[in-house]
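Going line by line, the protein sequences match chains A and B.
Under our numbering, think of the first position of the first sequence as 39, with each following residue one higher.
Under our numbering, think of the first position of the second sequence as 39, with each following residue one higher.
Just so you know, the hints here were simulated from the structure itself, not pulled from any lab data.
Take these hints with a grain of salt, some might be off.
Distance windows between CB atoms, simulated [said to hold, decoys possible]: (1) R166(B) with A172(A): 47 to 55 Å; (2) N181(B) with L169(A): 49 to 57 Å; (3) P84(B) with R128(A): 19 to 27 Å.
Ideal Cβ placement from N, Cα and C applies to all residues, glycine included.
Number of protein chains: 2
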Amino acid sequence: MDSHHDCLFRAARDGYRWDEVTHAPYKRDGSAPFKDISRQVLFQEPTMGCELRYFEMDAAGYSTLERHEHAHAVMILRGHGRCLLGDTVRAVKPLDLVTIPAWTWHQFRASSDQPMGFLCMVNQTRDRPVLPNAQELAALRANPAVAAFLDGS
Amino acid sequence: MDSHHDCLFRAARDGYRWDEVTHAPYKRDGSAPFKDISRQVLFQEPTMGCELRYFEMDAAGYSTLERHEHAHAVMILRGHGRCLLGDTVRAVKPLDLVTIPAWTWHQFRASSDQPMGFLCMVNQTRDRPVLPNAQELAALRANPAVAAFLDGS
């Protein structure tokens, strides 16, 4: 049994943490516009084509507005909030499923009163996310519903 | 937007069902020893290396005792029960993580009082499961804890 299999059973702890799983708060570095979000990689098996991660935002937190070639398969696990996908804004709740296709702008925002967490399945081999430039951001904001979402209102 | 992307948002319904997701109860055909289990494929995207499925057993139900080359990455989502993995039996609860490596015997059993459901990430391309022959079953049952698990006691 190799080192990847040392922990075949990893128990859930209180507060959406897990034994043997590193809790990684994202650091603000000024370049990526996210707020109060953390990542935990739940499964990263060399023989599997995908990884499964758990992201959690504090109340009023949000993920980076970005897009990329690789797809995301998301299941909301905790809390409530909204999701921007392309030019659509939708309320999301626990167990809802969101498919994020290639090159589609997306961002998650937790409600103001509680954290929101979601599972995200993604290919192990993937391209780097791209942030919107000024022109792309202006095009997104031309839609009033999208502008309100991006303003957190 | 192609046909795979017709439903980017799929809402969770009550009872661990989802919009646009087919609920598939496993049929007993006498050859595979499982009991009261259903499958729902949550994500099956052509560009992704894996699928994400939700399996649910009724109270006292169980999955097939099997093994295969491909790995499983499992997160318990609902209820309580036990998991056999190799020669280990462990109690599992919501959000617990189970890694099922290649060629490892495994089976899930729900507690007697409520359903148990779990997410299972798996490679899209995979081999067929193999059931234990009489000799392998005897070897498993040589361990009293495993025998008690297999007997549902």
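Hints versus structure:
Between R166(B) and A172(A) the CB atoms are about 53 Å apart, so this pair conforms to the stated range of 47 to 55 Å. At roughly 54 Å, the beta-carbon separation of N181(B) and L169(A) lies within the given 49 to 57 Å, and the hint holds. Between P84(B) and R128(A), the C-beta spacing of about 23 Å keeps the proposed range 19 to 27 Å intact.
Going down the numbered hints, you'll see the structure goes against none, and every one checks out.
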